[in-house]
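Q: Taken in order, these protein sequences are the chains called A and B. Taking UniProt numbering, the leading residue of the first sequence gets 1, the next gets one more, and so forth. Taking UniProt numbering, the leading residue of the second sequence gets 1, the next gets one more, and so forth.
Simulated from the structure, these hints should not be mistaken for lab results. Careful: at least some of the hints might be erroneous.
What the hints assert, rightly or not - Ranges of calculated distance between the beta carbons of each label pair, as one might list FRET restraints:
hint	chain 1	residue 1	chain 2	residue 2	range
1	A	165	B	50	14 to 24 angstroms
2	A	260	B	11	29 to 39 angstroms
3	B	124	A	289	17 to 27 angstroms
Said to hold, decoys possible - Part of the chain A face toward chain B, derived, beta carbon under 10 angstroms:
hint	residue
4	140
5	147
6	244
7	245
8	250
9	269
10	272
11	277
12	280
13	291
14	292
15	323
16	325
For clarity, every value in this text was computed on a predicted model and none was experimentally measured. We put the CB at the ideal spot given by N, CA and C, even for glycine.
Listed here are the chains, written in short residue letters.
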Amino acid sequence: MIKGTIHQTWSRSLGVVSRRSYHVPSINKALKTEYDTINDYGSYKNNVFTHRLPESTAQQSPSLVALHSRLNLPSKYSLSTLSQALNLNINDGLVNNFGLNTLGKNLLSYYVSEHLLVKYPRLPMPIHNVAVDSLMGHETLHEIGKIWGIQVDSSTKLDKYLSQESEFIKYGKLRFLSEQQKGEVKESGVHELSSQESKTKIDSSFISDEAQAYASAVRSIIGGLYTHTGEEATKKFIQDHILSRKLPLEEMFQFNQPTRELVRLCDKLNFAEPLEIRLIAETGRLSAHAIYVAGAFCGTEKLGEGIGSSIAEAKTRSVVNALMSYYLYSPLDSEGNAAKVPSDKDYKFEGIVGLGDVSI
Amino acid sequence: MPVKAIAKTSIARNGIGAYIVPCHRISLQYCNWGGSSTGLRELLKTGRLDKLASEKKGIFFDINKKNGHPTASFHYNNDTIKTVEIANLKPSEILAKIDEHSQRSGNDLFKFNHKVLSINDSVRGIWSPLHTPKSHRHKI
C-alpha cells in the first residue's frame, strides 16, 4: 500500500503516467454497447448497425466468385459468407468475421491436435506445441491465404474512383486496413509498426497485421464451411489444405544432453539392461577422413545408430537417432494403415498413449 | 527441459490433398485504335475470351483499355507478375499464350537433369560400405 503511494507520487512528480502491465478488459467502443447495469450481462446489447452483403451483390464481384471456385467450395457455401470471412473491419457497416474466425480456430485446433496426438503419441510437449503452430500458426495460415490467391484491399476510395474500379471487386479482397492506413505514403524498405505489431515485437521479428489478417481470413473460411456444410466437409477441407502439408518434425528437435536423456528414458521404460554405446565399424582411423559407425545398445537390442567423422560425433548421432526413433514413432492399426483418429467413423482405439516427457 | 523445440513452418505440397491453380488473375490490356491489338479485339468481340474465362473459373480476368501495344499480365500466388507481349498475334496464338501461362507456377523455368525432384528423403536409404560383414568389404 505504502509502496504504491510512493510510486504514484514519484511517477506524478516526473510526469510519467504509470501503466498497468496486466490485461484490463475494456468495452470495444466501436460496437456501441449499451447495458442497464454493468454487471447485468444479459442486458448487454450492441447498437452498431451491420448488415450482411446481399447475395446478388456478392455475385457481381469477380474476385469473390473466382476465389469461391478456386477453393472448390460447395455451391451451398454462399458468396456473402465468403465475403464476410474476408472482412475484418468493424466500422464499415458490413458484418465482420469475428465469429467465423473463432469457430474456424476451434475446428482447426481440434483436428490438428487430434491428428498429431494419434499420429505421434510420444512427441514431447514442447515439440507438440511447435508442431501445432507449424500447421496452424499465423505464419502458416498467412502462407496458405497467399496460396489461395487472397489479395489485400489496399487502395483508397479516391484511387478506386480514379481508376474506375468496380465497387464490387473489394468484396472479394481482404479488408483489414482503415481508410487512413490505406492513404499513408509508404517508403520502400521502411515499415512503421502499428500499435498491435509493436506489442508482438521480439528482437527484430514481429507478427505483421497483414499476417494476422490473412490467418484470420483462412480460419473464417473454414468456419464458414462448417456453418454451411457441416462437420464432414470441414474435416475433409482441413485434411486437404492443412494436414496435407509436410511437417518437418525431424528438424524441430534440439537436444541439450541427448545421452543423459536416453539413459533417463531407458530407466523410465524399465529396460533390464543398461544403455551402452558401442562402435560398430570404422575406417581410416589414421587418415584425414576417418569414419566411425556407433550404435546405442540396450543388451542385444540396437536402439539407434549414427555415423560420424569422430568417435564422439558418431556416439552422439547414435543416441539422437535412438531418441528420434522413439519420439517419432507412429502407431499402425492391425491392417498396417495409420491409426484412426477419434472423429473417424467406427473409431476403435488402436494407438498408444505416450508416457510423458522425461526430466533430466 | 530435456528437449527444446525449433519453430518451423510446414511446407506446402500443392496437389497432395487439394490443388490450387497458382495463377489467380490475368490482366489483359488492349488499345481500341492500334493495329497490334487487332487479335485481342477480335477475341473480345467474338466472345471467345468469355468462353475461356468461364472454363477457367478460378482465375479473375480483367480487361483494360489503354494506348500502346497489348499485353497480358499473369498474377501468381508467389507474388510474381509475368507480363507477356501479345502484339500482332493472331487470336488463336493469344489463346495459346493465355493457356500456357495460366498453367504455370510463377517460378522461373530452370534446367533439370535429374530423374527425381523431391523434398522427401530417399525411400531406399543411402548405401553404406560399412554395413557389410568385415570379410565381404572391399579391400584396397
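Q: Any CB of chain B closer than 10 angstroms to the CB of residue 244/A?
A: The hint holds - residue 244/A has a Cβ within 10 angstroms of chain B, the shortest such distance being about 3 angstroms.
Q: Under 10 angstroms is the threshold here; is the Cβ of residue 277/A close enough to any Cβ of chain B for the hint to stand?
A: violated, 16 angstroms
Q: Could one say that the CB atoms of residue 124/B and residue 289/A fall in the range 17 to 27 angstroms?
A: holds, 24 angstroms
Q: Is the interface hint for residue 147/A satisfied, with its Cβ closer than 10 angstroms to some Cβ of chain B?
A: With a minimum Cβ separation of about 5 angstroms from chain B (threshold 10 angstroms), the hint on residue 147/A holds.
Q: Holds or violated: is there a CB of chain B closer than 10 angstroms to the CB of residue 323/A?
A: Holds, because the Cβ-Cβ distance from residue 323/A to chain B comes to roughly 8 angstroms (cut-off 10 angstroms).
Q: Hey, does the residue 250/A contact hint survive, CB to chain B under 10 angstroms?
A: Interface hint status for residue 250/A: holds (9 angstroms vs cutoff 10 angstroms).
Q: Does 14 to 24 angstroms hold as the CB distance between residue 165/A and residue 50/B, or does it fail?
A: holds, 21 angstroms
Q: Does residue 325/A meet its interface restraint, that is, does its C-beta lie within less than 10 angstroms of any C-beta in chain B?
A: violated, 14 angstroms
Q: Next item in the hint list is residue 291/A. Is there a CB on chain B closer than 10 angstroms to its CB?
A: holds, 7 angstroms
Q: Report holds or violated for the interface hint on residue 292/A, using the least CB-CB distance to chain B and a cut-off of 10 angstroms.
A: holds, 9 angstroms
Q: Is the shortest C-beta separation between residue 269/A and chain B less than 10 angstroms?
A: Hint on residue 269/A: violated, closest Cβ of chain B at ~15 angstroms, above 10 angstroms.
Q: With a cut-off of 10 angstroms on the beta carbons, see whether residue 280/A makes it to chain B.
A: holds, 8 angstroms
Checked against the numbered hints given earlier, the structure breaks hints 9, 10, 11 and 16 and satisfies all the rest.
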